[in-house]
Structure formats: C-alpha cells, structure tokens
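S.K.: Now for the letters of each chain:
Protein chains: 2
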Amino acid sequence: MASALSSLETPCFVVDLKKVVENASRMRETCKSLNLQLRPHTKTHKTLEVAEIQTNGSKRCIAVSTLAEAEYFADNGFDDILLAYPITENKIKRCLALMEKLQLFHVMVSNNAGLDTLEKEVMRLPSGKKWSIMLEIDAGYGRTGFNWDSKEIEDAAVRIKKSEKMHLESLYIHCGNSYSIFNNSEKHAAQKDVISRSRSAQSRLKALNIECQVGTGSTPTCSLPLAENAFFAEFHPGNYIFYDYEQYLLGSCKQSSIACRVMTRVIDHKPDLNMILVDCGFTALSHDGMRQRPEDFCLIEGDSNLRLVGMSQEIGKIAAKEGELDCRNYPIGTILFIIPFHGCATAALHPTFYVHSGTEVQTTWTPVKGW
Amino acid sequence: MASALSSLETPCFVVDLKKVVENASRMRETCKSLNLQLRPHTKTHKTLEVAEIQTNGSKRCIAVSTLAEAEYFADNGFDDILLAYPITENKIKRCLALMEKLQLFHVMVSNNAGLDTLEKEVMRLPSGKKWSIMLEIDAGYGRTGFNWDSKEIEDAAVRIKKSEKMHLESLYIHCGNSYSIFNNSEKHAAQKDVISRSRSAQSRLKALNIECQVGTGSTPTCSLPLAENAFFAEFHPGNYIFYDYEQYLLGSCKQSSIACRVMTRVIDHKPDLNMILVDCGFTALSHDGMRQRPEDFCLIEGDSNLRLVGMSQEIGKIAAKEGELDCRNYPIGTILFIIPFHGCATAALHPTFYVHSGTEVQTTWTPVKGW
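Each protein sequence line maps, in turn, to chains B and Y. Under full-length UniProt numbering, the first residue of the first sequence carries the number 1, and numbering increases by one thereafter. Under full-length UniProt numbering, the first residue of the second sequence carries the number 1, and numbering increases by one thereafter.
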C-alpha cells in the first residue's frame, strides 16, 4: 500500500517515477529520430527496475561501470552487456564467467596493455566465443583511451582483426569536456569536433579495410539537439534517467525533469548565525560540485533564497542568500527537498531509493553496490 | 584462509587490524589516565567488530549517529547506547522500541522542541522507564545545542528535573572548531575555553540544585594531551579508531597510526598530460577535503611526489607534484594505496571493509547503512 513521502525517515533519496519514465522515453525518441541504438548506462541508478524502464522492458543492450553491476544484471535476465571501463588483468576471470553466462558481453579496450591481456587469455574463452571489443578513443580531452590521431589505434584495430578470437564491435568515444562547457554554441562546436575526429579515425581504419561504427556516451552530448549526432551508431548516456542540478546548468534538461532529490528535515535553529540545520550531511548528499560552486552547489527546492553552506557527517547548514533567515518560517520538523549537483554521486550514497508518484511512495529500489 | 591484499578487486577499503587495536587501546589508556568513561562513537565504522574492539569486548557504552546504527547494535547484544543526534519527533517511535529492548538508551536534546517532543510522549514510555537525556550545549561555535550562556539551558534542566519521566544523564559539549585549528597552542586554548564554558553552565545548574557531569566528543580534542580534560566525565570520539589524513594534519595522530586506506590499481597512462589514471573515483574516495586542500586533499602512500588531482565516478587522475611523471614507473596494474582526507566519509562509501594484518587479508567487515 502506498504511504506518504512525509512519513519517511530522513534523510532519504527520493525518485519521481513519472519523471524517470518520461526521461527514458525522451532519450529513446532522440535515438529513434537519429536512427541509432540506445545502450543506456546503469551507473547512475544500478537498479533492475530502472534498467528495465531504460530498455523499455527488453533487458537487452546496456552499459555498466563495474563488474558488480554486470554480474547483478546478468543474474537477473539482462543480456548484451558492455563493461564500459578499461579492461585490466584483474577483471579477466569475472569477465570470462560473464561470457559463459551471456549471449553478448563486450569489453572496452583503452590501451595496448588491455589488448595484451585479452590476447593472453584467448585460451580460456568459452568455446565458440570471441572477445567482443569496443576500442576507446580519446578525442583529445585526456580521458581514458587511445589518442584519436595516433597510429596506435590503427595498430590495435589491425591486431584485433588478425586474431581469430577477437572481434572489433565498434569504436567508442566519450566527449570528455562536455561537462565543462555551459555555452550552447561552444558545446555544439565541441561535439562537431568530436564527430570529425571520430570520423577521421573511422576513415583511417576503413583505408585498412576495417569497417566499424562509433558509439558515444555522456548525457550532455547525447542531449544535444544536433543532427550531426546521427553519425554515431550507439548512445550510452546514464545520468539522463535522473538528471540533476549540474545537467540543468549544462542545459541538458529542464529543472522539472530532475527525477531525484534528497528529502531532509529541519532539526535545529541557529538564529544568531542566521542558519537552520537539517538532517542532510555528507553521508546523504555528495560534496560534488562544492569545489566548482561553493555558494550554490545544490538547490533547496522551492526556496530560491536558501542555500546549503556546509555539511558534517549527518548535519547540513542552511543559510539565506540575502537578508536574515527567519527561523520561524522553518519550524523544527519541516521537510525540505534538496536537488543534488550530481545525481550519480548522491545516489551512490544511498542503500535504498524511495520511489514516489506525486507525494505517495509507491515502492523502493535497491541499487547494487561495490565493484 | 588468509589471502593476499594484492588479490582483491579494486577499488576497495582496507583496514589495518593491528592499528585499529592500537588506536582503541591508546584512547582507552587516555581515558583511564584522566579517570573518565570512554563512550566510543561508532559512526566512523558502523561495524559490530570494531565496536567490540572499542568497548574492549564489553559491548557496553557506545554513541551512535543514526537510528539504523542504534538498532543494529541493539540487535547484536550491545547496550547502553546514546543516540548522539538532536532528537526530533520523527525518531520517537523507533527510540521507544529501543527503550523496550535495552537496559540503557539515551537521547540527546539540543533545543526546546526536542524537550517538547519527549514530554508529549511520556505516556508511551515502557513501564518503569524514563527518558534518559543528554542536554547538548553549543560552546559558541554554531553547532547544534543550547547556547552555553543562555538561560534556556537552565530552564531545560529544571524542566527535566521536575518531570517524573525524564532523567538528566549529563550535559554534552562538542568542540565544534577543533577541526579548523592546526596550531597546537591555539587548540589547547580553544579547548580550555570549551571547558570553562562547560564549567560555567554546570555551575549555573548547580546553583539550581541540579548536579550533572559533562561529556564531550571529537577526536582532535579527545586526543589532546591536556590535563584539564579530566574535567569531563565522558569522551565520545569516533574517528580515532581509523584516523585519516585530516587528523594527521590536525596533530591528533602519527601518520603510522592511520588504519584505513583505499587500495587502487593503475588502469591507464596519459603521458601527454603527465598523468596516470587509477580505478579510484568518487564512489570509492570522498571529495571531502578537496575544497580545503585542492592540491593535496589525500596522500598517495609511499610516493610523496604524486597527488590525486581529480576524480570521475570510477576513475582518479594522478599527477606529479614536481617534474614529469614517468609512466613507466607505474605499469598498468600497479597497486597504490590512498590515505583519505576524511576516513568517516570514505568508509561511508564502501559496502565492505577488507581487514588485513600486514599484507594478508584476514576477514571482511560489513558496516550497517542507512538511517
């Protein structure tokens, strides 16, 4: 039976189901209109329920950030899973077990050491299987991956093609700077740059008789209304399913599309300090964003004159941006909702997500933890 | 059977058992020499095993930061538990259940609203029980609690004394600024200030015929070699059991006493950027400290020329402080240990602690999560 949001113990992470469904549907439509495959990333939520919504019930074609996620989804009927993380030797054993279980499991190779490791382990592959590889390119922004303009990427592709036990699934490029450009025309220009560099790498491989498509990730770039994005074969966004204050600032979403918040209660008044205290400390809200925006790193919903100015383990300090804060307007016990700067970082702090429709709690979701 | 630390999947939170035992023993000795009661705080670790070490096997007399902790310890044979958090109405029901179960359960009252709530609920108390109250004083640093020099604290104490269903266990004071003073003589002076303010509140209550002792918390002040600390009746430190880089900077411990680290592996090289990448992102290491010390917010153990300059969800960027970083010195797969700025914040990110003696993993501990 549904209960009221206000009956929940605070702090807690609350997720608006309707907005999640809308965000999932909008990204699916974007992909459809660009004629590309959506491979949603599960790193933001790490729950079966959201992955089912993201895949529109198919449970096929997802990207994960940890082996713990890959195993959790594989154990629960998901398939066609990409471990979207540089492959290293310590991960091989569990990858092989995943290949036994799944029809399709892909790994990401970001450097020659990764390729060496896979090659060394071909004897242990399940019978009839090959390593399915996404080769990661760094478009010039210093993320993981082969430099887009290096000869290394061509050598790696040739090496994969020559091996009977490796398959080049695609190239993969992450627009690493998409989180630092707040101006729309600059963002479009940067993404066009990424596309032209990807196209260059793709052409150089084609000249070697290696045909391959290119996938990309990141919510800001996948949210761009850019016809040129049709160049890509796959989108791997993750954060879009919840969004957050940062994505709103980046122009990826409207504020009304943000599906996740931290619910907190006022626990004390400090009129001398012009502050109220709430039960939201750094175990409930990530410090993410505090370095970039110390005065404005999250939003107190519906009260634009309030700001969170500090947190200890279980206590948050809220002050007024302008003028005095009249504590009488916030009696002890008052519920406030905080929109996090980074939804992924804040979700990662919570063992349970409280899923609501309007002010009613419908259910809870339990994310998988660890690595 | 014990396994090698190096066989663990990374990132992971590793705890040095010997150091934990030493840190526990040292704080017990300090309390013994000052003739005061140790009520260790469990917020840092949230595990049965560490609480057992902290209480020297007695499982009696602990402080907790959340109801989830209180219930977990109560369900596992611990007793005499203080919920060291401002009591609010939404917590009452679970507190009453804890009182049913425990011989001794104490709540912390930090304002009049807390006292109103307890008074309103006296009819629901288990038969023969009273609310056992620690009255929190704010020594002037803007933490939760009644201002030490206010008449309110006297009124609250009188109100408790008059009630048949409330018992004033003690006053409680937290030296809120102990985390911002890095100079020893200033720290001593600040603590003497806290003591004189506590003594003033205590004397004013005595004048009203209310005798009560004073407890205090915080690892920096409990670690001070200050004879005046004998004024207190109880110490409630928490962080001391693991310590961290911040406590080392504050002078609370030697670097060799820090018992917790994050183990990580090198996953990629970025020679153009003078960087190596490791599998330690913000899901494994808290951003805590990055605002205060952007260039030096954690330590890469044993390699003083390295520093962590940024993190995404699952990746950390490590650069050289001076000169070029020769990636060949850090082959992919190399294990590094990171000493966190704030051990409590980093521990809170991990579902499992890997407990080691030297380089051997002895066991795992599972902290309780949530609120």
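Keep in mind that the hints were calculated from the coordinates and are not lab data. Honestly, I wouldn't trust all of these hints.
Identical chains share a label here; the pair holds if one copy fits it or two copies do between them.
Derived BS3-like pairs (lysine-lysine); straight-line CA-CA distance at most 30 Å [stated by the list, open to error]:
#  : residue 1 : residue 2
1  : Lys206    : Lys93
2  : Lys162    : Lys101
3  : Lys120    : Lys151
4  : Lys151    : Lys369
5  : Lys19     : Lys369
6  : Lys162    : Lys130
7  : Lys32     : Lys120
8  : Lys192    : Lys129
9  : Lys369    : Lys59
10 : Lys129    : Lys19
11 : Lys192    : Lys321
12 : Lys369    : Lys18
13 : Lys165    : Lys192
14 : Lys321    : Lys369
S.K.: Now tell me if each hint is right for this structure.
M.R.: Quick rundown of the hints versus the structure:
In the homo-oligomer, the alpha carbons of Lys206 and Lys93 never lie at most 30 Å apart, since the shortest distance is 33 Å inside one protomer and 68 Å across protomers. Taking the closest pair of Cα atoms, Lys162 and Lys101 come within 30 Å of each other only inside a single copy of the chain (26 Å); across copies the shortest separation is 68 Å, beyond that limit. With identical chains, the CA atoms of Lys120 and Lys151 are at most 30 Å apart within one copy only, with a shortest distance of 22 Å there and 75 Å across copies. Taking the closest pair of Cα atoms, Lys151 and Lys369 never come within 30 Å of each other, the shortest separation being 38 Å inside a single copy and 48 Å across copies.
Taking the closest pair of Cα atoms, Lys19 and Lys369 come within 30 Å of each other both inside a single copy (24 Å) and across two copies (27 Å). For the homomeric pair Lys162 and Lys130, the shortest alpha-carbon distance inside one copy (12 Å) is at most 30 Å, but the shortest distance between copies (78 Å) is not. When the C-alpha separation of Lys32 and Lys120 is checked against a cutoff of 30 Å, the pair qualifies neither within a copy, at 39 Å, nor between copies, at 59 Å. For a Cα distance limit of 30 Å, the shortest separation of Lys192 from Lys129 qualifies neither inside one copy, at 36 Å, nor across copies, at 71 Å.
Taking the shortest alpha-carbon separations for Lys369 and Lys59, both the intra-copy value of 20 Å and the inter-copy value of 29 Å come in at or below 30 Å. In this assembly of identical chains, Lys129 and Lys19 lie within 30 Å of each other by CA distance neither inside one copy nor across copies; the values are 40 Å within and 47 Å between. Within a single copy, Lys192 and Lys321 get their C-alpha atoms no closer than 39 Å, and across copies no closer than 34 Å, so neither meets the 30 Å cut-off. In this assembly of identical chains, Lys369 and Lys18 lie within 30 Å of each other by CA distance both inside one copy and across copies; the values are 25 Å within and 27 Å between.
In this assembly of identical chains, Lys165 and Lys192 lie within 30 Å of each other by CA distance neither inside one copy nor across copies; the values are 35 Å within and 71 Å between. Taking the shortest alpha-carbon separations for Lys321 and Lys369, neither the intra-copy value of 37 Å nor the inter-copy value of 33 Å comes in at or below 30 Å.
Of the numbered hints listed earlier, those contradicted by the structure are 1, 4, 7, 8, 10, 11, 13, 14.
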